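K.L.:
Read top to bottom, the protein sequences are chains F and H.
Under the numbering used here, residue 268 is the last one in the first sequence; the count climbs by one each step, no gaps.
Under the numbering used here, residue 573 is the last one in the second sequence; the count climbs by one each step, no gaps.
A couple of the hints might just be wrong.
List of simulated lysine to aspartate or glutamate pairs, EDC-like, C-alpha gap at most 20 Å [as the list claims (entries may be wrong)]: (1) F:Lys242 x H:Asp520; (2) F:Lys253 x H:Asp315; (3) H:Lys242 x F:Asp47; (4) H:Lys242 x H:Glu256; (5) F:Lys21 x H:Asp315; (6) F:Lys7 x H:Asp236; (7) F:Lys253 x H:Asp236; (8) H:Lys242 x F:Asp193; (9) F:Lys21 x H:Glu308.
In short, the hints are calculated from the structure, not lab data.
Computed from a predicted model, the values in this text were never measured in an experiment.
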Amino acid sequence: MLAKLFVKCQQCGTTHFYSFFKHAYFVCSRCGHHFRLDAPTWLKQLCDRGSFQELDGNLKSLDPLGFPKYESKLAQATQQTGANEAVMTGVGEIDGYPAAMAVMEPNFIMASMGSVVGEKITRLVEYAALNKLPVLMVISSGGARMQEGILSLMQMAKTAAAIRRLHESRMPLITVLTDPTTGGVTASFAMLGDISIAEAGALIGFAGPRVIQQTIGQKLPEGFQRAEFLLEHGMLDIVVPRKNLKKTIVTILKIHRSRPYTRRPQYFN
Amino acid sequence: MKFKILVANRGEIAIRVIRAAHELGLEAVAVYSEADRDALFVRYADQAVCIGPAPLAESYLFYQNILAAAKSTGADAIHPGYGFLSENASFAEACRVLNIVFIGPQPMAIRKMGDKAMAKKLMREAGVPVVPGSEGVLGSCQEAKALAAEIGYPVIIKASAGGGGRGMRIVSEKKELENSYNAAVNEAQKAFGDSSVYLEKFIQDPKHIEIQVLGDKHGRVVHLFERDCSVQRRHQKLLEEAPSPVLDEPTRETMSAIAVRAAQSVHYDSVGTIEFIYDIRDKAFYFIEMNTRIQVEHPVTEMITQTDLIKHQILVATGEPLSLSQEQIHKTGHAIECRINAEDPESNFLPQSGTLSQFIVPGGPGVRVDSGVYPGYAIPPYYDSMIAKLIVWGDNRKDAVARMKRALREFVVEGVKTTIPFHQKMLQHKDFLSGNYTTSFIAKMLAAKGDH
Numbered sequence: 000m001l002a003k004l005f006v007k008c009q010q011c012g013t014t015h016f017y018s019f020f021k022h023a024y025f026v027c028s029r030c031g032h033h034f035r036l037d038a039p040t041w042l043k044q045l046c047d048r049g050s051f052q053e054l055d056g057n058l059k060s061l062d063p064l065g066f067p068k069y070e071s072k073l074a075q076a077t078q079q080t081g082a083n084e085a086v087m088t089g090v091g092e093i094d095g096y097p098a099a100m101a102v103m104e105p106n107f108i109m110a111s112m113g114s115v116v117g118e119k120i121t122r123l124v125e126y127a128a129l130n131k132l133p134v135l136m137v138i139s140s141g142g143a144r145m146q147e148g149i150l151s152l153m154q155m156a157k158t159a160a161a162i163r164r165l166h167e168s169r170m171p172l173i174t175v176l177t178d179p180t181t182g183g184v185t186a187s188f189a190m191l192g193d194i195s196i197a198e199a200g201a202l203i204g205f206a207g208p209r210v211i212q213q214t215i216g217q218k219l220p221e222g223f224q225r226a227e228f229l230l231e232h233g234m235l236d237i238v239v240p241r242k243n244l245k246k247t248i249v250t251i252l253k254i255h256r257s258r259p260y261t262r263r264p265q266y267f268n
Numbered sequence: 122m123k124f125k126i127l128v129a130n131r132g133e134i135a136i137r138v139i140r141a142a143h144e145l146g147l148e149a150v151a152v153y154s155e156a157d158r159d160a161l162f163v164r165y166a167d168q169a170v171c172i173g174p175a176p177l178a179e180s181y182l183f184y185q186n187i188l189a190a191a192k193s194t195g196a197d198a199i200h201p202g203y204g205f206l207s208e209n210a211s212f213a214e215a216c217r218v219l220n221i222v223f224i225g226p227q228p229m230a231i232r233k234m235g236d237k238a239m240a241k242k243l244m245r246e247a248g249v250p251v252v253p254g255s256e257g258v259l260g261s262c263q264e265a266k267a268l269a270a271e272i273g274y275p276v277i278i279k280a281s282a283g284g285g286g287r288g289m290r291i292v293s294e295k296k297e298l299e300n301s302y303n304a305a306v307n308e309a310q311k312a313f314g315d316s317s318v319y320l321e322k323f324i325q326d327p328k329h330i331e332i333q334v335l336g337d338k339h340g341r342v343v344h345l346f347e348r349d350c351s352v353q354r355r356h357q358k359l360l361e362e363a364p365s366p367v368l369d370e371p372t373r374e375t376m377s378a379i380a381v382r383a384a385q386s387v388h389y390d391s392v393g394t395i396e397f398i399y400d401i402r403d404k405a406f407y408f409i410e411m412n413t414r415i416q417v418e419h420p421v422t423e424m425i426t427q428t429d430l431i432k433h434q435i436l437v438a439t440g441e442p443l444s445l446s447q448e449q450i451h452k453t454g455h456a457i458e459c460r461i462n463a464e465d466p467e468s469n470f471l472p473q474s475g476t477l478s479q480f481i482v483p484g485g486p487g488v489r490v491d492s493g494v495y496p497g498y499a500i501p502p503y504y505d506s507m508i509a510k511l512i513v514w515g516d517n518r519k520d521a522v523a524r525m526k527r528a529l530r531e532f533v534v535e536g537v538k539t540t541i542p543f544h545q546k547m548l549q550h551k552d553f554l555s556g557n558y559t560t561s562f563i564a565k566m567l568a569a570k571g572d573h
């Protein structure tokens, strides 16, 4: 109970009363640090109440390579987060505008991408292409999931191919890159958005800054791989503070579909 | 009953609360920023704690330090004053969790009334009149026509995504509606990328009239009549009076009863104000919002009803039943309040900071000054520019106006420019004297002066 009453900012150390913090979109009012959010919280912040319907919620990872301790790690992650996998996909409405949505769960093995994450993203994107829905992805990830080896890496090509089919169906992909978006996810679907939004201060990159510094033997510039740096260098379309994020997304959805559906579309057969 | 109140505010309202606490035999703790070290309210308090540097976000709004000050001084209650954290439901919740009495309404009432759309919806459900119009976006011009015919012209069409006057059209008669509707839709589409519009009755030149309510934790709510706050410049009130010179007795009764009902519908248990706009022509009034706190202009109500609102606010917050019944509340005479701001009316009300070389307040019968400054005090540039509230009481409006003129003449402030000369001019104005002035009075008065 007490843990939920107060929250301490990891960046500046300010203590926040939880209720204030929640109403400030989980952003530190002192230093502007954007806290990492779990998938249910994201959905609560973005979707109209009760509008989200999950797809493929029952998909679970197996242990195809017999990787040591992978099974217990999965069980532990499920226990901690209450989720079956590191992404939640489904269909929801944002201010009345319907969208297919994928939200990564950073507390599930660092939202790493294994076969199930790749499969769920692919299915969602294909579903959106078929049903003519825009896609919104809220991304955070540590990269490909090493416990599934080459099968994880294959998801990069698979998701990219699905997004190509979404493009052919002329529906937009909006990506929101949050802290951290790295590795194989950055190298696949995270960078394929028609509109790439990033949260203020988010770390976005393929290899981490430490690895790069050691490899090239040079000191990295200040703010390297941070959202604002990437925006300045043309890798992103916009960096948005969290309190304006929903508004920005709604504007984009509005532009791509001039008014909300008057009739609820048939999501499921 | 013996307890300690921490006052989470500054200036005159902090002093007002400290005075009430002392009169109730309670101790008061002040919190202050580094810029307010020399302020009067810090001296008046029994204890004072510095809570941070001058900027608001680092002191008076930095609730963490305020709560820490409350805990370290052993305060049992926090009075938030007005502004700052007074209408922050999370702050009220935080106090509750820390076992500190928040001297204000329960958090849920703050939250409900703080959300304008929700407040309107709740009020409509409680049978409180709100400005009539479409409850959502208009579907077509036909719909607009039907609705306008129902509520009556003039109407105003506004863009849902709107602001700044764009996508807004006032329609005074039926034959203009179609053109205006199309123009508003086009303009909204161009300006905001969203063509949705809604329609409302247009109330030209309304008066701003508010009803003071007071509730306790036992379900009782009473009203203390109205205040007329139509003297506004850019939505900032400059002068308030009670009772309103234009309300007749039946309207006053209906309005007050509705305000009580509005407060009851959210289980209101503190001092609060229900704000209405009032159309002089057809004597209709519409709810605009509720302020869930004590207001700057509360003294005019205190003067005509002989009550101490802050004392009642403190007592009901501790759970005591209200000691006043509606039958015991009467109004006598007329009260006017002038806000004396350190602003230069000659240069667009530019806020002034500097040292007060002279500060002599008026006195005599029927005069009250609530202020937080003294001669030699340096006005810090970080905060609100109000330095004093001058309140007078008279047997009737004419007497009150005469007394206000006399008091303004006695008031000496040197070192900074103030709004005193502006008030003096305003009190001569025939529109003010007639009592029929509306919220556009100041704008018109300033425009007319510009014509010379």
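K.L.:
Take the hints in turn and mark each one as holding or not.
P.N.:
Hint check:
In summary, the hint linking Lys242 of chain F to Asp520 of chain H is not supported, as the alpha carbons are separated by about 52 Å, beyond the 20 Å threshold. Of the pairs offered as hints, the one joining Lys253 of chain F and Asp315 of chain H holds, with about 7 Å between alpha carbons and a cut-off of 20 Å not exceeded. A distance of roughly 18 Å separates the Cα atoms of Lys242 of chain H and Asp47 of chain F; the hinted pair therefore holds under the 20 Å criterion. Between the alpha carbons of Lys242 of chain H and Glu256 of chain H the distance comes to roughly 9 Å, so the proposed pair stays at or under 20 Å and holds.
Taking the CA atoms of Lys21 of chain F and Asp315 of chain H, the gap is near 30 Å; set against the 20 Å cutoff, the hint is violated. Only pairs whose Cα atoms come within 20 Å are accepted, and Lys7 of chain F paired with Asp236 of chain H is rejected, the gap being roughly 28 Å. Distance restraint check for Lys253 of chain F and Asp236 of chain H: the Cα-Cα separation of roughly 24 Å exceeds the 20 Å cut-off, and the hinted pair is therefore not satisfied. With a C-alpha separation of about 39 Å, the suggested pairing of Lys242 of chain H with Asp193 of chain F is violated against the 20 Å cut-off.
Straight-line distance between C-alpha atoms of Lys21 of chain F and Glu308 of chain H comes to about 36 Å, which puts the hinted pair past the 20 Å bound.
Going through the hint list in order, the structure does not satisfy hints 1, 5, 6, 7, 8 and 9.
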